[in-house]
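This note's numbering applies: residue 1 is where the sequence shown begins, and numbers increase by one.
The hints are simulated quantities; they were obtained by calculation from the structure and are not laboratory data.
Take the hints with a grain of salt, since some may be wrong.
The calculated lysine to aspartate or glutamate pairs, modelled on DMTMM-like cross-linking and capped at a C-alpha distance of 25 Å, are [said to hold, decoys possible]: (1) K226 <-> D99; (2) K64 <-> E50; (3) K64 <-> E54; (4) K57 <-> D170; (5) K57 <-> E83.
DEER-style ranges, computed between Cβ atoms [claimed, not checked]: (6) D183 <-> G63: 29 to 39 Å; (7) R176 <-> A22: 34 to 44 Å; (8) G215 <-> E20: 17 to 27 Å; (9) G218 <-> P184: 32 to 42 Å; (10) P15 <-> P153: 38 to 48 Å; (11) I122 <-> G173: 39 to 49 Å; (12) A12 <-> N188: 25 to 35 Å; (13) E41 <-> D100: 37 to 47 Å; (14) G198 <-> F75: 12 to 22 Å; (15) R35 <-> E171: 31 to 41 Å; (16) G63 <-> D186: 31 to 41 Å; (17) R172 <-> G125: 40 to 50 Å; (18) E20 <-> A216: 46 to 56 Å; (19) D21 <-> S151: 37 to 47 Å.
Beta carbons are placed, not taken as given, at the ideal position from N, Cα and C, and that holds for glycine.
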Amino acid sequence: MNGRGIPAGRNAVIPTVTPEDARYPDMIRGHGNNRHVASPEAIRIPSTTEQVVEIVKEAVRDGKRIALRSGGHCFANLVFNDESEIIVDLRLMDHVGFDDEREAFVVEPGATLLQIYELLHIGWGVTLPGGGCYATGAGGHFSGGGYGILSRPHGIVSDHIHAVEVVTVDERGEVRAVVATRDPDDPNHDLAWAVAGGGGGSFGVVTRFWMRSRGAEGGPGDLLPKAPSTVLCTFAAWSWGTSPRRGSRRSCPRTPTGPRSTEAWTPPISPSGTGSSSSTRRRACST
1 MNGRGIPAGR NAVIPTVTPE DARYPDMIRG HGNNRHVASP EAIRIPSTTE QVVEIVKEAV
61 RDGKRIALRS GGHCFANLVF NDESEIIVDL RLMDHVGFDD EREAFVVEPG ATLLQIYELL
121 HIGWGVTLPG GGCYATGAGG HFSGGGYGIL SRPHGIVSDH IHAVEVVTVD ERGEVRAVVA
181 TRDPDDPNHD LAWAVAGGGG GSFGVVTRFW MRSRGAEGGP GDLLPKAPST VLCTFAAWSW
241 GTSPRRGSRR SCPRTPTGPR STEAWTPPIS PSGTGSSSST RRRACST
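Could you put together the complete structure from these sequences and hints?
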């Protein structure tokens, strides 16, 4: 069984979505982004590393170009474009836990930041310095570096990657799953270094991350940064193609300890440079 209780195994049937499927339109575009839309032959939805190996083997055999999706938050057209023939949707691979053997936290690529933050905080009182958009998937975010509001004190997420499991294709076209660690004596060390910031899908399909801060020792609660009780965040947002002077937003997002937030909207700027105070909106909530 995987993280969502879905039967999985080496011989399990891999769910496949084709253009005739009612799910297809929602799975060929990114999260909240209609600028880039793909038209793949199929979307494959694995739930194990073995299934990912099988999908990649088939793509290599048939000469198909694959693209990877974990959370669908890539705003460039790296996934959803005309060249993507097979999209590998990793959202069913969403397990988060602690691996006693490797003494590190294990995170699968389909886990969202909200899942990760909540489980790490509730289970062990730790966190990762990742982004603040909680629907973002670990696969692209972690392998792209992973910058967030805790990055000033704790670095970026990839600084805390201890090891990765990657499905790779070698020069002979052979497909296999490789575990690479940041240990300099590991023969696959270069792969671990490349994946930790080189971008999702650049060197293979990451099917598992093991997370542990460099030099950390002790029990699970000592192996990653401690989760803060309160986080304050200020940011501005505006629509594509409009001037940032047209409006701004300040927000204190949900923290690991509860959905506590404050927002303030400034009014759009009129041609004369002034705005109407009647259009200002503020919201606050705490639990």
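task = Kindly indicate which numbered hints from before are broken by the structure, ordering the numbers from low to high.
result = Per hint list: 8, 9 violated.
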